[in-house]
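From first to last, the protein sequence lines are chains A and B. The first sequence begins at 1 in my numbering and counts up one residue at a time. The second sequence begins at 1 in my numbering and counts up one residue at a time.
It should be emphasised that the hints constitute simulated quantities derived from the structure, not laboratory data. Quantities reported herein were computed from a predicted structural model and do not represent experimental measurements. Accuracy of the hints is not assured; some may be wrong.
To be verified - Heads up, simulated DSSO-like pairs for lysine-lysine below, C-alpha to C-alpha not over 27 Å straight-line:
(1) A:329 x A:294
(2) A:275 x B:151
(3) B:437 x A:221
(4) A:221 x B:150
Here is how the chains run, residue by residue.
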Amino acid sequence: MKKLSKNLKLLSIAAVASFFSVTAPTASAEETIKVGVLHSLSGTMAISETTLKDTMLMLIEEQNKKGGLLGKKLEPVVVDPASNWPLFAEKARELLTKDKVAAIFGCWTSVSRKSVLPVVEELNGLLFYPVQYEGEESSKNVFYTGAAPNQQAIPAVDYLMNDFGAERWVLAGTDYVYPRTTNKILEAYLKSKGVDEKDIMINYTPFGHSDWQSIVSDIKKFGSAGKKTAVVSTINGDANIPFYKELGNQGISAEDIPVVAFSVGEEELSGIDTKPLVGHLAAWNYFMSVDTTKNAAFIKQWHEFIKNPKRVTNDPMEAHYIGFNMWVKAVEKAGTIDPDAVQKAIIGVEAPNLTGGISKMLPNHHITKPVLIGEIQDNGQFLTVWQTNKLVPGDAWSDFLPESKPIIADWTPPILCGNFNTETKKCSGQNY
Amino acid sequence: MKANSFKWRMSLLALIMLCIRPSIALDEPADGSAQFNSENQKVSKQQAETVLDPFADALSRLLIGSMKDREQAIEHLSVTGHPRSLPILEALLDGRLYALRDKKTAVVATESGQDYRIADASTEADLGLVERSELSKVNITNSLRTKLRKKISILQLQSDDASVRLFAVNAMVKTADAKTLELLKEYESTETDEDVLSSMRLIFALNDLQNSDKSVRLNAMDTLKEYNSLEAYNRLSVLIEKDNAGNFIEADNEVRKKAQAALKKIDARLQFYNSVETVFFGLSLGAVLVLAAIGLAITFGVMGVINMAHGELMMLGAYTTYVMQQIMPNHIGLSVILAIPAAFMISALVGVAIERGIIRFLYGRPLETLLATFGISLFLQQTVRSIFSPLNRSVTTPEWMSGSWQINDFLSLTWNRFYIVLFCLLVFAALLQILKKTRLGLEVRAVAQNRNMAKAMGIPTAQVDAMTFGLGSGIAGVAGVALSQITNVGPNLGQSYIVDSFMVVVFGGVGNLWGTLVAGFSLGIANKMLEPHAGAVLAKILVLVFIILFIQKRPRGLFPQKGRAAEA
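Chain A on its own, in the form it takes in the complex (with noise of 0.2 Å):
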């Protein structure tokens, strides 16, 4: 979900960001412990981000409801980057400096985390990352705690090579590095698994393309030989719209070839119309649509949070869910809000997820999720049509890539490095 700008028009938008930014009514930092918030709130990423914003909020909330954390009660800092990369960098200079935040909670784009990054690391921050991305990262100071790609894009093509029975992949995807990061893994496991280089094509186009005529009629070709054929999306944000009505309008149904993407969840799929959607697949650690008492809980908060039943969730706001509970336990575990005792304290920590497990918080910092695979409904919601038995636990470093494979991220001693070589026995020192 790592959108980036298209949007030269960011510049006069980030001029006004400032008036946005608020900070909650002063109290001195004996009697409250503050919370980072770091999303976009304008600009081309606002769409996604100001629903995690929201979330945020409402966990702040009813934590304070609760009586707070160490006895004190939690005040949300809510700054807005405006889209832009350098002004996350900037932003969370701010909070980790002027406002000295506890914990930050933000970003969604991978290039705005990289971004975040030198900063937390500098000034030793904890940064929670709720968004799926393409791994080949671990910080000491960030916790991701959305996918990595073996747990959304690896189960995803396990299931439609063994459900569904798919021999020729199409990989498509937006030009930028996440489809591309995932994409390289994803090719180098179908080959792993037998799959010939000639069943395997794969296509970038542009941020925001809406001609796909060629592309499809190409996918419609290349699916007609006679194997049964998948495509796999990470084509990303406005784009996915001419896309599919496209596939309908050349007559390609989700039966024939299924299109299993990795960006389309409830948020893209309200209040557009879903018609030539029904029937394809989308890959998440979370629906709205699941069954469980918890989740049924966490929606009608968030619909009272929010004012208005229409709204939906989403998988990052679950991944805020459990990040955000995961922190408050790993302080009060630790007794304190110090971000090393914090770092320590975390690894190990459990907390519930909404559809019905435990995640758990892993050394390499990344977090154990289950893997949906849902179909697309008219009414925007998934119905989960497989799921792993088991939660799946987050891989740094991807296994299918030669250059990754011998590297590990484990946080606690001995090794306490995020990016170890098991072969040369050798920390490089690089996280990412």
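Add chain B to chain A, keeping to what the hints say.
Frame of chain A, contents of chain B only:
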């Protein structure tokens, strides 16, 4: 034992309710379980009463069962021979089959504004309008859809309508098994329609390819090579493939040779249709480019105003389509057609306002015009963000614009693109007529050629400027209506087209409408020819580089203006 099965059913029902219709389940109060309970009792009673009627039994199982039950229910429904079986299965496939809240009555619902018009699935009796919350949809998965399609094809074979039978037979080409073959053989004797028979023969020939008798296989190939069928092409290709060790999979040399020859014949036709398809894709991309650029050809080409807000005027047109659909949700097709004049008016009015309010003070100062119109574009974007929210709006495509025109297995043209090419040509023709035949057109051309002379002849140039700008803007609005059918309607819609529009106008020759048309279509075709080889990203770059080089050689574009006006 009974209690057990009852419990099982109850939990199953509750599970399905919760799983499948989460939004409804969530609306329900906490005492939902009690409701399930009583509901379930009713249902089981209902089942007990109707168990003698296989049709009603299958239908009720379809409503309340699990996916497995649904699969069986579909199976049963398809063999009952009940006249309503086929329409019910079709409704299920199209997602029009719902259950009333009580889970007893299956209804076929069609959207009608905010509400749904429902008809009893088994009796076709009209049950009036209900709210969405009264209905719960009968969900199916992809694997069920596949099975459904098969069953429906078989039922459709009995249709009186030859086109329905043809559709059914064509659907079987890929999946025909021994059972369907037998069935088809039966129907062949009674079939009179030539097209349906031809499709049946294709299926038989495909089957004969696997025959043990060599002469049958060779005969089948003779038949297959005349068909424009991808399936035939694939099956023949398999015959000449080699395995990993480099040996031919097909042992018989003669069969291989014949397959090769047949393939060659099909391939020639396939290549031909592929190039037709590429040209069509190019034309349709070109049509979009021309539509986007043609308004600019007037404001930029004729008036010399660099209007950066041109894209936003298109966006206004697209939003007009959205608003029109909101006003008349029951007449989607009509609303799109009415949106054309409405979008023209709105964008033209905004255009006139921009010209009168800002641009007229900036004539002769291109840099300032550029900055001012850039500001306007930001302003317009923010305005729609405030009114319509930053999220994309959904514009429904009318029925007659979705789907494709299946000419044969190798070539199908999508309707929406087809209409847009037509629409583009119509708009172009209309614009030419306006400029050539009307008084406004005459004055526009006069002012464009020599402003001072026109003024001296008594032409109110200021007024003409406003009208010209309005005309160009109105055309942009009309383009927006077309764009709303193929891309996202959102605040950023205009931005994606502004660069392309300038590119087309400059390439075609500033001030020349024909140049814009030719440039748009040739850029579209060039782009689509490159795309399969170079990929979408590189194709765009290559086209851009080409234009830059071209402009170096011919700075005035494809069709430069001639005469004194050009030098002025």
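- Message: If you test the structure against every hint from before, which numbers come out violated?
- Response: 3
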